[in-house]
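Please build the complete structure, drawing on both the sequences and the hints.
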Amino acid sequence: MNIIIMGGGRVGTHFLRVLVGNVVDGPSDISQHNVCLVERQRTRIEALPPRLLEHPAVSVVEGDGASSEVLVVAGAEEADAFVALTGDDRVNALAAQKAKHFFKIEHVALRVRDPELARMYTDLGLAVFCPTEAAREFFMAHIFESVAE
Amino acid sequence: MYAVIAGGGDIGGRLAGALAGGGHEVFVVDVDPVVVNDLRNRLGAVAEQGDASRVAALESAGVSRSDLFLAATASDDINLAACQIAKLRFGAPRTVAVVRDPENAPLFEAAGVDQIISQTDIVFSHLANLLPAHPLIRLMPIPGRQQELVSVKVPRNGTVVGKPLKELNLPYGCLLTLVIDSNGQVKLPADEMIVNAGDEVVLVSPVESTESILEIVTEQA
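Chains D and E are the protein sequences, given in the same order. Taking our numbering, I'd label the letters of the first sequence as residues 1 to 149. Taking our numbering, I'd label the letters of the second sequence as residues 1 to 221.
Just so you know, the hints here were simulated from the structure itself, not pulled from any lab data. Treat the hints with caution; some may be incorrect.
[Said to hold, decoys possible] Computed beta-carbon distance windows for the label pairs:
(1) D:Glu78 to E:Glu219: 40 to 46 Å
(2) E:Arg138 to D:Phe139: 40 to 46 Å
(3) E:Ser64 to D:His14: 47 to 53 Å
(4) D:His14 to E:Pro102: 44 to 50 Å
(5) D:Gln41 to E:Arg138: 34 to 40 Å
(6) D:Phe139 to E:Gly62: 31 to 37 Å
(7) D:Glu69 to E:Asn183: 43 to 49 Å
(8) D:Ser59 to E:Asp67: 44 to 50 Å
[As the list claims (entries may be wrong)] Covered by chain E, according to a simulated footprint, are these stretches of chain D (three or more residues, beta-carbon under 8 Å):
(9) 40–49
(10) 60–72
(11) 88–94
(12) 116–123
The C-beta atom is built at its ideal place from N, Cα and C for all residues, glycine as well.
Here is the structure:
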């Protein structure tokens with residue numbers, strides 16, 4: 001699969017590492033996936049481990065993933081999946097809608113922190129992960145399970 | 001009319017002033033407390049500090065009872081989110097967005113925003129008006145269509161001068177809507193009307209035909 005990850009923060013780089021990671025440490029050097037990371041801040045790109053940066057299945061584009069021009073450079077026209085993981089809900093939402101509606105990327109997912117926005121984008125048919133909601137669910141389940149015991 | 005405006009900057013702030021001055025009810029949401037204070041000093045209790053891309057901020061601004069919602073912040077991503085909240089969560093009957101990057105306009109259209117104002121187009125149209133030598137002025141894109149309203153000035157020694165309008169041979173899909181003569185007299189076009197030097201012809205044109213219209217109307221002998 002050709003996958004674009006937008007946002008090279010903690011979640012983005014972790015995801016990138018896992019997608020190609022097994023290969024980085026293992027004997028084979030061929031990943032099943034080609035992954036392109038789009039990140040606006042150069043310092044974040046420079047902070048990536050060299051083994052990841054030099055990996056044949058990884059490419060990095062410096063730029064704003066909400067811009068079509070940058071998305072084209074990142075290979076949006078041939079991408080199978082697009083994951084928006086910047087820290088800004090609105091930027092993620094704009095980029096994801098662009099990826100889905102204009103680049104017709106089959107699998108589009110995004111992170112949205114604000115639970116109300118998350119619900120709205122889910123209702124619009126986007127695959128949304130809301131860390132706030134997920135944390136609430138986890139802790140509530142944990143608390144009520146403990147109480148039940 | 002009740003209008004809620006996201007972003008009280010150059011566009012939003014001025015519009016708020018104009019609407020309030022015209023007797024309309026208006027409310028501005030802006031992240032910047034300085035902007036909010038300034039609006040309050042000028043217009044009264046019509047502004048609140050808040051993030052227009054949050055449901056709660058738009059709820060307290062009363063978007064659900066608004067007649068018009070305008071998103072005019074400095075970022076397209078915030079404007080898009082704000083319009084989507086206004087429409088989907090609060091059923092705003094009319095949403096208008098100022099789009100900074102023209103490439104994002106189709107996205108706003110797809111999201112169901114009722115009217116899109118491209119900031120670049122605004123600047124261009126003003127610039128074009130400042131350059132009297134330019135014979136073509138793009139007045140307005142037709143929202144949702146690949147058409148635009150343009151005005152072309154007939155040059156002094158143009159080959160169309162002296163011909164009736166029906167002989168202009170305009171590209172398919174063009175509609176001549178108005179003729180403004182050099183004295184500023186506005187006329188509805190008629191087949192036999194004679195083209196004069198200095199006439200402004202106003203047309204609705206498919207975007208791809210605008211260049212050939214310009215050539216036809218401004219061809220010089």
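These are the hints, each one checked on the structure:
The hinted range of 40 to 46 Å is satisfied by Glu78 (chain D) and Glu219 (chain E), whose Cβ atoms lie roughly 45 Å apart. Against the hinted window of 40 to 46 Å, the Cβ-Cβ separation of Arg138 (chain E) and Phe139 (chain D) comes to about 56 Å, which falls outside the hint. In this structure the hint that Ser64 (chain E) and His14 (chain D) lie 47 to 53 Å apart at CB is violated, the actual value being about 40 Å. In this structure the hint that His14 (chain D) and Pro102 (chain E) lie 44 to 50 Å apart at CB is violated, the actual value being about 35 Å.
For Gln41 (chain D) and Arg138 (chain E), the Cβ-Cβ distance of about 37 Å falls inside the hinted range of 34 to 40 Å, so the restraint holds. As the Cβ distance of Phe139 (chain D) to Gly62 (chain E) is approximately 34 Å, the hint placing it in 31 to 37 Å holds. For Glu69 (chain D) and Asn183 (chain E), the Cβ-Cβ distance of about 47 Å falls inside the hinted range of 43 to 49 Å, so the restraint holds. Checked against the given bound of 44 to 50 Å, the beta carbons of Ser59 (chain D) and Asp67 (chain E), roughly 49 Å apart, stay inside it.
Counting residues of the segment 40–49 of chain D whose beta carbon lies closer than 8 Å to any beta carbon of chain E gives 0, which falls below the threshold of three, so the coverage claim is violated. As drawn, the segment 60–72 of chain D meets chain E at 4 residues by the rule of a beta-carbon pair under 8 Å; at three or more, the given contact holds. Residue count for the segment 88–94 of chain D with a Cβ under 8 Å from a Cβ of chain E: 6. That meets the three needed, and the coverage hint holds. Counting residues of the segment 116–123 of chain D whose C-beta lies closer than 8 Å to any C-beta of chain E gives 4; at least three are required, and the coverage claim holds.
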